[in-house]
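Chains as they are written, first to last, in my numbering: chain L, 1 to 115; chain A, 116 to 225.
If you are wondering where the hints come from, they were derived from the structure by calculation, not from laboratory data.
Hints may be right or wrong, so weigh each one.
[To be verified] If you want the footprint, here are the derived chain A segments under chain L, 3+ residues with CB under 8 Å: (1) 150-159; (2) 216-224.
[Stated by the list, open to error] Straight-line C-alpha distance at most 30 Å; calculated BS3-like pairs for lysine-lysine: (3) K19(L) / K41(L); (4) K22(L) / K217(A); (5) K40(L) / K217(A); (6) K217(A) / K183(A); (7) K40(L) / K191(A); (8) K52(L) / K172(A); (9) K22(L) / K52(L); (10) K18(L) / K52(L); (11) K191(A) / K18(L).
Just so it is clear, CB atoms sit at the ideal spot from N, CA and C, and this is done for glycine as well.
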Amino acid sequence: ETGVTQTPRHLVMGMTNKKSLKCEQHLGHNAMYWYKQSAKKPLELMFVYNFKEQTENNSVPSRFSPECPNSSHLFLHLHTLQPEDSALYLCASSLFGGSDQETQYFGPGTRLLVL
Amino acid sequence: GQNIDQPTEMTATEGAIVQINCTYQTSGFNGLFWYQQHAGEAPTFLSYNVLDGLEEKGRFSSFLSRSKGYSYLLLKELQMKDSASYLCAVKAEGYSTLTFGKGTMLLVSP
Numbered sequence: 001e002t003g004v005t006q007t008p009r010h011l012v013m014g015m016t017n018k019k020s021l022k023c024e025q026h027l028g029h030n031a032m033y034w035y036k037q038s039a040k041k042p043l044e045l046m047f048v049y050n051f052k053e054q055t056e057n058n059s060v061p062s063r064f065s066p067e068c069p070n071s072s073h074l075f076l077h078l079h080t081l082q083p084e085d086s087a088l089y090l091c092a093s094s095l096f097g098g099s100d101q102e103t104q105y106f107g108p109g110t111r112l113l114v115l
Numbered sequence: 116g117q118n119i120d121q122p123t124e125m126t127a128t129e130g131a132i133v134q135i136n137c138t139y140q141t142s143g144f145n146g147l148f149w150y151q152q153h154a155g156e157a158p159t160f161l162s163y164n165v166l167d168g169l170e171e172k173g174r175f176s177s178f179l180s181r182s183k184g185y186s187y188l189l190l191k192e193l194q195m196k197d198s199a200s201y202l203c204a205v206k207a208e209g210y211s212t213l214t215f216g217k218g219t220m221l222l223v224s225p
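Bound-form chain A, shown alone (with noise of 0.2 Å):
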């Protein structure tokens, strides 16, 4: 079975830093993908990791380590429009699916 976990809710202040973290237990491993989705409005494609290591985009970097079944999402200098879920995905080997986490509620505030 696919198991993976994320924090429910966090807050952070803008300018702020904050990281949000996935741990996932898959059968199988063939990468893993972060979305923003704003309230009412459709999943955005943040990033892709599918090697260990850190990959960087802007104001946002993600990481991943295969060997823990972790990755996180880094969002730099907070803006107040980061407010939004995170939602961390896998797709396990031999699906061409994608399994999705509950998605974490990210609160930047003034």
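Chain L on its own, in the form it takes in the complex (with noise of 0.2 Å):
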């Protein structure tokens, strides 16, 4: 248990569906992640948010929306997306964004495919 939940586990949606993803942090952490994990690529990062600011966004399509309404929930809203989106979504907390030395603890991930 690394204190990192997500919702779903597992995802199917249509190019035309909305869908989100929840991740919620039980640490007391104030910087949430979102990255990519696609097979036999590196971990891609997507989004960072800091005390709820977003501060970076990684040139990510708009077709993903991230939420962030407090520090312990971050969402990611999905529309329109395309087959080549499907993916694992992993969500990561760490105490503070900016750092030297933080360790970033992961949530399990949403298996996301798109048909």
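Once you've looked at the hints, go ahead and assemble the two chains, each given alone in its own frame, into the complex.
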């Protein structure tokens, strides 16, 4: 148990659907992250939030829309996705987003399949 | 730009020792992390190095040479449960985020 939970664990959606991924951390952290993990590719950072403010957007297409209502919750809203967006989406959190020695703690991920 | 290289796959036998290498070229350096990820599960933190040398933590050790842009993760007394992907990640200077390698899939056989 890492203290970071994600729902749903698996999601199948069509290209015209709208869905949301949810992440919750129970560690008292102030920074939260969305990563995409595709087969045979490195973990790709998508978004970073520090104290509910978005501090990084790694050139992510607008069909991915993050939301961070408070330091414990992070959402990723999905709409009109493409089949190449099928991947494992991982959420992570850390104490403060700018500290050098920070460890990021990951959730189990949402396995997304876009048909 | 950032570039991190590690072998794609490695195999080893239960009880043996295995070394997983990671080389990096980044714009600055503020620390290197190793994570373990079992299939279908979250990456879990193994080690952090920011100074040159060896950090030992039970069966796992991690080494860093900043001048060579090189790190390795050493796993001793391998167990079947050590079969997993091992991710090398670097925090570049001035950035709060991590850049990950593609991961090394380790298969431990009886």
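These are the hints, each one checked on the structure:
no. : hint              : verdict
1   : 150-159           : holds (count 6)
2   : 216-224           : holds (count 3)
3   : K19(L) / K41(L)   : 24 Å, holds
4   : K22(L) / K217(A)  : 25 Å, holds
5   : K40(L) / K217(A)  : 6 Å, holds
6   : K217(A) / K183(A) : 20 Å, holds
7   : K40(L) / K191(A)  : 26 Å, holds
8   : K52(L) / K172(A)  : 34 Å, violated
9   : K22(L) / K52(L)   : 15 Å, holds
10  : K18(L) / K52(L)   : 23 Å, holds
11  : K191(A) / K18(L)  : 47 Å, violated
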